[in-house]
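Trainee: These are the residues of each chain, in order.
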Amino acid sequence: MSLEMVFQERNYAEAFLSNIYSYLPLELTMAWHSWMGRDLNLNPFVGAADEMEMSWNTPYNQFMNSGAWSPADAGTGTPAFWWWYYEAIRKTNLFLENIHKTPMNEVDKNKWIGEAYFMRAFYHFMLFRVYGPIPLLDRSISTDEDFTNFVRRPIEEVVSFILNDCEKAYPLLDIKVTSDKYGRITSAAVLALKARLLLYAASPLYNGNPDYVDFKNAEGENFFPINYNKQKWRIAANAAKDCIDKTEAAGYRLYYSASQDPFESYSELFLVRHNSEILFARNSGEGYHFEQLCSASGQGGWSGLNPTQNLVDAYEMQSNGLRPIIGYDGTVPIINPESKYVEEGFTSEAHPKGYYPAGTCNMYVGRDPRFYASVNFNGQQWRGRQLEFFSTGLDRGAGPDFPSTGYLLRKYSDEAVNIPQGRWTLKTWIFFRLGELYLNYAEALNEIDGPIDDVYTYINAIRKRAGMPALPKNLTQDEMRERIRHERRIELAFETHRYFDCHRWKIAEETDNGPILGLSRHLGTSLQDNTFYTRMVIETRVFDAPKHYLWPLQQYELDRVPWLIQNPKW
Amino acid sequence: MLEHTIFAQTRSIFGLVSDNIGNPLIGVTISVKGTSLGVVTDVNGAYTMHNITVGQTLVFSYIGYRTEEVLIRNQEVINIIMSENSVLMEEVVVVGYGTQKKVSVTGSVSNVPVKSLQMNSTPSLNNAISGKIPGIITRQTSGEPGYDAANIYIRGIGTLGNRNPLVLVDGIERDMSNLNVNEIESFSVLKDASATAVYGVRGANGVILINTKRGTVGKPTVVLRSEVAMLVPQRLPDYINGYEYAQLMNEAYIHSGKGVRWSIEELNKFKDGSEPYLYPNVDWLDVILKKRTMQTVHNLSVTGGAERVRYYVNVGFTMEDGIYKQDNLNAYKTNANLQRYSFRSNVDIDITRTVNMNLGIGGIVDERHYPGNSGIGIFDAAKRTSPISFPVRNPDGSPGGVNTYIGSNPWGMATQSGYSADRHHTIQANFGLKWDLGNLITKGLSVNGKFAYDLYYYTKAERAKQFEVKQYLGKDETTGEDMYVVLREEGVLGYNKYSTGNRAYYMEGAINYDRTFNKVHSVSAMLLANRREYVDYGAGTSILSLPYRRQGVAGRATYDYANRYLIEFNFGYNGSENFPNGQKYGFFPSASVGWVLSNENFWHVDAISHLKLRGSFGKVGNDQIGGDRFLYLTTINKNAAGYGFGESERWYSGMAEDKMGIANITWEVSNKANIGVDLKLFNDKLSLVADAFWEKRNGIFLKRQQIPGFLGYASNSIPYGNIGVVKNRGIDGSIEFKNTTPEGFYYSVLANITFARNKVVENDEPTPKFDYLSTIGRPIGQNYGLIAEGIFQNEEEIKASPKHTFSPVHVGDIKYKDVNSDKVIDDYDRVPIGHPRIPEMTFGFGGTVAYKGFDLSLFFTGATRTSLFMEGWTIWPFVEGAGVFNIQREYYDNRWTEDNRNGKYPAPYENANPNNQRRSTLWMKDGTYLRLKTAELGYNLPKKCLIKLRIKDMRVFINGMNLLTWDKIDIMDPESDDGSGGYPLNMQVNGGVQITF
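If you read the protein sequences in the order shown, they are chains A and B. For what it's worth, my numbering labels the leading residue of the first sequence as 1, then goes sequentially. For what it's worth, my numbering labels the leading residue of the second sequence as 571, then goes sequentially.
Don't read these hints as lab results, they were simulated from the structure. Just so you know, these numbers come straight off a predicted model, no measurement behind them. Treat the hints with care, since some could be wrong.
[Stated by the list, open to error] What the simulated footprint calls covered on chain A by chain B, stretch by stretch (three residues with Cβ under 8 Å from a Cβ of chain B suffice, anywhere in the stretch; the number is not a length):
id, region
1, 15-21
2, 141-151
3, 288-302
[What the hints assert, rightly or not] Keeping only pairs whose Cα atoms sit at most 16 Å apart, straight-line, the calculated EDC-like set for lysine to aspartate or glutamate is:
id, chain 1, residue 1, chain 2, residue 2
4, A, K181, B, D891
5, B, K1422, B, D1547
6, A, K569, B, D1392
7, B, K1208, A, E9
8, A, K109, A, E9
[To be verified] Rough simulated footprint, nothing fancy, chain B against chain A, three-plus residues with beta-carbon under 8 Å:
id, region
9, 171-182
10, 420-432
The beta carbon of each residue, even a glycine, is placed where N, CA and C say it ideally should be.
One chain only, chain B, in its complex shape (with noise of 0.2 Å):
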């Protein structure tokens, strides 16, 4: 070897390598290009390569990050900062049934960066993709443990009926809620017709793909990572004390016209709490639920492998309490508590230089404990129940209530209704072969199979107990004995089994071309056949019961001439049972373009790394309707109401027409077009996506609207049609800017917004009396209301003004625009008013900066274009009538009285007031709201510490969610649903270390 090196000018060169973080890397490969030299560099990431000749090339390699390569000409230090895989040009995007070279991708794909997911400690994967991904608007409405999945859109809402995206997790369709983000390699969504064609029927939604992690060639790389999170809930409603509540029923009595309810002796013992037995003061979302709660997150992964086996395993342990207190007298557990066991292992197996067998097994122990009441149940009782309606227990100790909701007493139903356990068990497996056919046949050619079985299992075993309910009524003046009025008698704790399950399997063939001819052709091609078997163990029909299959065949074809002109071609050509004969087959095809100036030889502007423009154009489809089956059947009701004969009144069951079935009927069909671009600026370091899209979806199933009522169709027989057209635009994009400057201090910021506006084009709806009652023209959900015009401050204006129909006006009511200016206030006022709730436009930006080994993330996400209508029991006071619900401060605090002429909400009546207690614009409030939804600061420790206890990488961090809203609501979080909240959503704040050995 000395002898050839004699010859040339040889040289010793040296240097540092480290991550774009300023850290050293350790065991960087550092080759020689064409030869087997290499070294690796030590603790410090230093290195020294002897007898290096000028014209060779270096080449840096590390796993997980992009490969360097440096021409040596007369450098001696060569320092490197290697950056991770996910920002390589090269990068690998996942499409559908397969990856692409990004550079060349020309459809719509947005991914998100696997390790931002991991920012917040969010059992559920919905939560945490919120606001990072282009294209997709999501809306959390709850915090309770296993139920507070958001609900995600892609590029908005297009369609009358399902919404849902389809969702694949390693190419299979599943759940993606329960999924472990320790365990997601990739995160892609994919939002034109030219990226979910290939999926044809089920492409319109949009279809989200999470590869999970496989193995790579090297040690095993172990990887433990703890989580502890403190969960605060936020935005709990702020209601009115037992005094204050008092004197309001009062005021509403007065208002009413009617005497007084309580006496002033009688207020002042709410006051002072000194009968708290007959004239309680309770703050029940005090006493049922706790401050703070637990959560907490474990994963051990190792990922490794040798020549011929690669292998990832993972297992992962997650636990949240939820925030109800507990009675400790109690044999059981009854707060909510979720436990989240994760297993999954893949496993790729070259069994010979061609044949590639992998296997990945995922399994999903979901063991969730509920109290014996739902959360929805508790959280209305506890709206319901107001401060002075009974104490939280009696005297004796039992628990307090009246004849009013009996058993609604939130403590009770919180920790005196026994428990139940939901248990969800979840296996995936996949098995899949992929054979290279390069050899034998032809370069690039190779076939694979895949074969899938999922078994979902579901039991609950509910132990449901009555509890006692008494009403204290005081002392008996003769005997002193305490009386009582019983209102429930105790129950024993019960016990109900629930369980369901399902399966499916799911089997595809491939066949790839992938070539290059000449350095400048490269063409590729797919056509595949998949055929999927979903059978529900629990239905509750024989025609639910029946296998649900789809099957299909899908293609693509691709080619790109010298990176610069890019021509894609999909398609699917797929079928549903759910249409009858000779229409269960469609065929949707879509063509897409891209042209990469950037590569073009006339291409000089230096600023200017990469330009591509992208353009495509195509057709999908969506079956889903409302869970139904075979619409092209008639069905009969078996189970329709009966009637009861003779003296016993012997029950007769009754059948009915159920479903009408329709001829030809078909899926609905969404025409998508789709422009945009990739930019990236300034080597790279400023990278910009846009995209602009057009949606037209023809077709939608809908019930027929303008079939007259007296015809005696019952609501389930009117037969649907493909009658619904909605259009949808909007565009969505992503910047982000990253740099390191020489001193070795990183930063980067990044920014993305989803803009969605859809419109009702036809829906059926018959002709209303007045034009602006119309739903046709406007958005999906948009809500209708009266324009309140204040509140009536005087006799005088009551009269002066149009009659105001719904119940006798006061003043201190709502004023109302007559909008069609026929003198008299009533529904046919009600006009469009706000914005659907799901919002148009959401948002998220944030950065990192981080500096010799400290990192400090934030992240902000928000939404404009939506209302949130404040409406309902707690914030219409007495709706139900005096003394039940409790009444929110917002609306105490800012009533209208004689005194408080400025007042913004009406006064209160001592019952409902259909006046004042209707949607109109007083209630509706703007849902903008903007959130720091995640902050992450973290250490990690300089590897020369780490290296003699044998550890690579340590990294301890903490990291909060929900810390911070901005919003115009400020009682209520910004993204609940209308009306008063439920279980509230957490803010979270979670320490954790990942270990790396």
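Next up, chain A with everything else stripped away, as it sits in the complex (with noise of 0.2 Å):
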């Protein structure tokens, strides 16, 4: 059967198309781990950021953190984005050309079309957020072409390259699909991905980076803008509200649960597949078994997946919107008195609504309640008992097995699921939520216009779904910054979304570099020990600027394609 064959039935062409579907990463797989017997990790990024650690080193991330990644890797783990995406891209390319030969409805044909226009952009765009400049990939090339002319384009020729097969895509797609095409893109996608890629754009990293000047392709042309375009702001500003406005218009909302609880409809909202607020997500069934990553090994998890206490202490009191903590003095953290934060001892009374037992540390007391839908804790309830991390507790773990930082994930967790007894659902990985976009446009907004009232509009509908006090008025452009980046790390937790932040804010080598910290979990005998709750370093992590900003060519690449230039430094 040639590929011919495959474009003359629509069943076929559609199963083609299906494949190009599968390239999408699953990126709920944090933490790739050998016996999962997958050899790429598409999603290395949650655990490279300020917000998560492994229990594992063998991850890729944990290469990333120490320092110790290079061109030259080539074990296991290595992930794959390179060969993944452009394999991804072919596919697309010959769907793109040969999908006219199709007998087919063409109202189905230009909707598949549309799908494969956004897929190309997408993947291209995966690659431009870790490689920056790419060679762009427009339609396929046999083996016999003469490839030198394909070559790394600078980063405006890329950003608009995946602009416009967005422009494309947009017209031939619905906004919304039913309930049996869920997972099918939709114009929503398109809008959600150039709002996204915009933002990027516009960021420091990729708009006037003065670390770039020198990094120019072989006729002398600068792969990044050497000017910064404050203009990029506007333009992102405006995807973003479009996005919003169209999206809202065809009737996608923020998520709220039925009782309206912030609690409540944050955890929901990772948990109701495919609610009002999602914009894209894949679709990642339930063989990938994500709750033994991160579940308590008393359980039957693996405890793989731990919040930093870094993230932890970002969390804000739900009382007042203030952060407990500002700073830490070696381990010891300096904490905020207005903000009523108190470390030490342990309540005596439950959350009234249940957000956690009685005898919970007064650490995890009185915070913003997407706190709780995020982070399992020492003394949490969790299927059906308190969880027990600490050094002979029941989920102590065994061997590496244990929560690193004495603390698990929960987002995404569902706790219906039953480990013992291979009791598994159906998961989902966002891409895109009207959530973000609210984020995007009121970071953009700022940055053009200053804190105008759109911006607090769309921080405070956020804030209000997390049942979290209004941002304080008269805040500057600045102070704004800082509580739109403090929102993006706590409403975007483990979405992905910290380490691109991170970097495209330039300030990764802040962030993503010295101690990450936990809790004592070798410590501690009982649920309200008091050394269990000692900070201590978990790990040292390394990050060389300007090198990490961007990810390596690989070698093996570099070996076969000599005129590919290897990004600066490394």
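Could you fit the two chains together into a complex? Lean on the hints.
Mentor: So, in structure tokens, the structure goes:
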């Protein structure tokens, strides 16, 4: 059977398109592990940002964190973005080049073409966000062609290439699909991709970054624009607003649970598949056993995904919206007394709505409801009992499978899953949701127009859903920027945003460098043993600026394609 | 009759006939040449012949022995020592599609005396030939019943692609590993182009020809052979105990800058075993493995024949047990076990004086039994599970476990996981006809035809079970009840059936011509056509289910002038459907010459009884490419990854590009040259064969390497090309000395050696950043790694050294050499280190002494110029975190600590350490070894005693295999794969009896 024959049958052509969908990364699988039988990890980003640590040393983010990664890496676990996404792009091009031959109705055909254009844009974006300037492939290339024409293209060209595909895709797609088509690409996804792409393009890493002044191609052309262009924020703001307006007109909304409770709303947002807030999500089946990765060992899990103390300390107090901890003296936190945060002791009362049980350490009392929906901590109630992460506890883990920071990831976890009985649920991974678009819009708008009303409106909408007080009035542009960045860190935690946000803001040399804190999980003999709650350095991360802002091209590819230019300092 | 003899001077001759180890031979026929006179030897091997005339010739003949002729002058006593056929000068050797007199062979062909293959009891023929044949390199990596066959490489490795030699049993392509050694008549290895050109596109990797036994005229000879062996696993890993393990964990935590994992009290609990359920100390290998196991082999054969019909029949039974312990509470067996029944019958019928028919039937029923988990799985679990992970069983008897690697309790895996029954059935049938046209057309002309049908059927009944996994948490403080976490619930004994099979038929027709003119001009010619069709009944795709067809023509012409000058031409013209039309068939010619100097008239060196020089050159091909077919066709993968759409995630299957067809793909071609010498000295007591060979293989199938990744070709879509080039050269040879003293003391020594070195000339590799990283110009399988310069002893040394980038470096870590002097240690500092895992040189030597019925043989094998990397889980401490994976004592005893600064291995960390745990010279070991491979002590009972029992011969013997090994590794078998060991090789001690009626 040949490619010609595939495109003579509608069913075969559809199977070809489904295969292109399969390249949407399974980002829920944040920690690649050898027993999972996958030789590539397409999401090392969560564990490489300051929000997450892994109990195992083998996932690739651990090599990034210790600075021990290089273009020469060839071992298992090395992320295969380059091969993976270019493979997908070739297939998309083959589809676009041949689909016109397929006998079928034009309505469906056009939708498929729109989906393919979006995926070509999306896969290029996935490469752009790690490698920066990349070769752009708008057709399939035969092995006999002269490859030397294909070189890395400057950032602005990459951005317009992706935008161009978005423009082609948009008119061909519906903005919403019926439940039998959940997972198919909509024009809402196109608008969201545009908005995120333009937000990135306006950000300091890509917009007049002085680090890349000398980073040029063979013709002497700069890969990165050397002059800052403030108007890019305007374009980004408009794209985000456009997405918000059009999707809300079509019925997309921030998700609220039936009870309107912030904790339940935020928890369910990630469990109720394709809810009203979701603009694009990957259907991930139930075969990847996400809960096993992040569940406690006493409940059959591997304790693999461990939120950092750094993130835990960042959640605001619900009552006043203040950050409880404003810095560290070594591993000792500098507490903001105005926040009313109490580090020591244990509460005698359970949370009135059951966010935590009685006896919980005061550290965890009175925090942003999103904290309870995102992080499981020592003493938290989960699957019918209190979790025991302390050294002799039920969930201390065996061998390497222990919560290295003293916390386990809760976001995305379904309490109904039962690991020993092998009961799982269908999962999705959200690429775009309306909440992110609110934050994108607010950020871009604040950069171009300062903290005007619309900035407050959209940030406060997010905070309101989270049960958090509105932002104080009259913030300066810089103060607002800090607030927005903080809000993204909390609202979008573990959604693969933090890594890229810190990179594009050019603050990764602070956030991804230095100590990662956790609790003393090798101590403690009871839930209320204070020794457990002492912060310790879990890992000291290494970030070489500007080298680590972009990924290296693999040496193996450079050997074959010597005219590709390696990213700076690699 | 009397009248005639009166005129001549007649006399009586008497004497004794014995074999070369001094045993009297009973029933030897002594006849007078040209007459019908004849006698046979008695039970003492004695004979008397009357009325013999001077000038007559006595002929001593005995089945299986070289016929001796003695001219009568004035002797009265003629004692004859008869030697066995296998050492005959007139010996016939099996060559491609025929046989040749050994003296006239010009190609490179090695034979192994079949007797020497029986000197051990391995059920796998692959293992029996190890070290016995010049030109063959073998490596056995596992002793697991049914999976223990050694890999075989003829003259090393000449290609980057498929290296398997072609194996023909009775002229038919068949598997040799399950062939019954007792059924084998001859074992030949064709090595050079001259010998293999007739196989054309199949010949490049060398050819092994095995013929099974046939009948001979005579009364039925019954041979019963029974053997029982004890198998003892060798070189099991020596893991540290629970206390040592826990204490090493603490050391690792401290070294990693973290608090200790276990308190002193806890450490003591591991030591004194006071709380074995919460603080266990388990020697898992001891829990799951027996100290020794059993094997038994029985064979019964009958050979014989009358004038018109000759037959050979054999029935054999082999049973080998695995080394797993069993749980007696199970209603079924779980230990690995192999039972093989083999049947073979070869019948030759002379239908007329010129037409001969033969029929051969062989059957092999191979029934194998395994635990519910594979050997690899069980041994991996035994590596993975530390002595302190969990108890073998909980207080309530259920298998212990923790949440890490649920279900990997080695005891549970070996004994509580059900079982699987594998059944392999093979039927081999071949039928041949030969018609001698000597009287009809011209002398020396014959035609023959052959048809063979082989059927293989495999079925597996898998009765696997998930055992319950519970973690014991101790007693509840208030109720005193045992507390558990149920990690996995018990499953039922499942039932899964797999089956597959294949069949092959083969047809061959040939014309042969063989004639000597004027006593000195010997010519022979052969022209043959054949066709094979193979069908895989278990094929997974429609393309693979199509019959595999091959057909071709082969020919040979030889000329021999007075046994002095030999010329031979061979060719194969054959095709493979794997290639596009117009390119399916190829012509593979070879030519060879020989000069037997010792037959020249001018030759007067008495000490040298035979000297032959040989040389050959030719071309052969290899069409095997990784199981793939029809390389010229572009295909679509109909089972590509798909996607689930909709609320219920309904599955939509995927389709994708698969293989790209290549229009001009063809086989790889090997040009081979060989020169050799055959030498016999001192009345044939010393014989030597030596060959030097040279091979260049062009057009090796390789995936193109230089296609940029950003073009987006999936790895299975990247086209192949005939792009690789590899050179291979070396020598092989053997030497043997044998003698019987007048006192009847026999001794022999023999040795052989094989050396093959290959070099990659082209493999389409992209130019690496540094020249030394290139694989071009290096042997296939060259290892690359860092050069370790020792262990960092202090902070100053770290500061003064190039930056080690793999992970933060501490005192106690490995220090590497900065090869490219860029002040940074990274993967670019890897250089070629060591030798490939397949040895460049293997050798074997040994000898036999015999006196008065006793004989003792020893045979040693060895290999050198090979490296083994002792790396991975159990030698790299805590590579997946402290608490999982056992630690080898080798590491524990030799690690660096503050108090042992000369320790050769780096200090432990509580988790993986990328700086230390990577390929470097520190973990490299020289894989050289010498092994007492086989030893046999035998006693042939005196015939005088046996004759009353109507027994012709009786031999009792005890032999052993893998008895002693000298090497530089000690902690694992020197033949094992890199990393730490799996199912071990066995030492075997085997006793048996062979009775001939």
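Trainee: Could you tell me which of the hints above the structure violates, numbers in ascending order?
Mentor: Hints 4 and 5 are the ones this structure does not satisfy, whereas the remaining hints hold.
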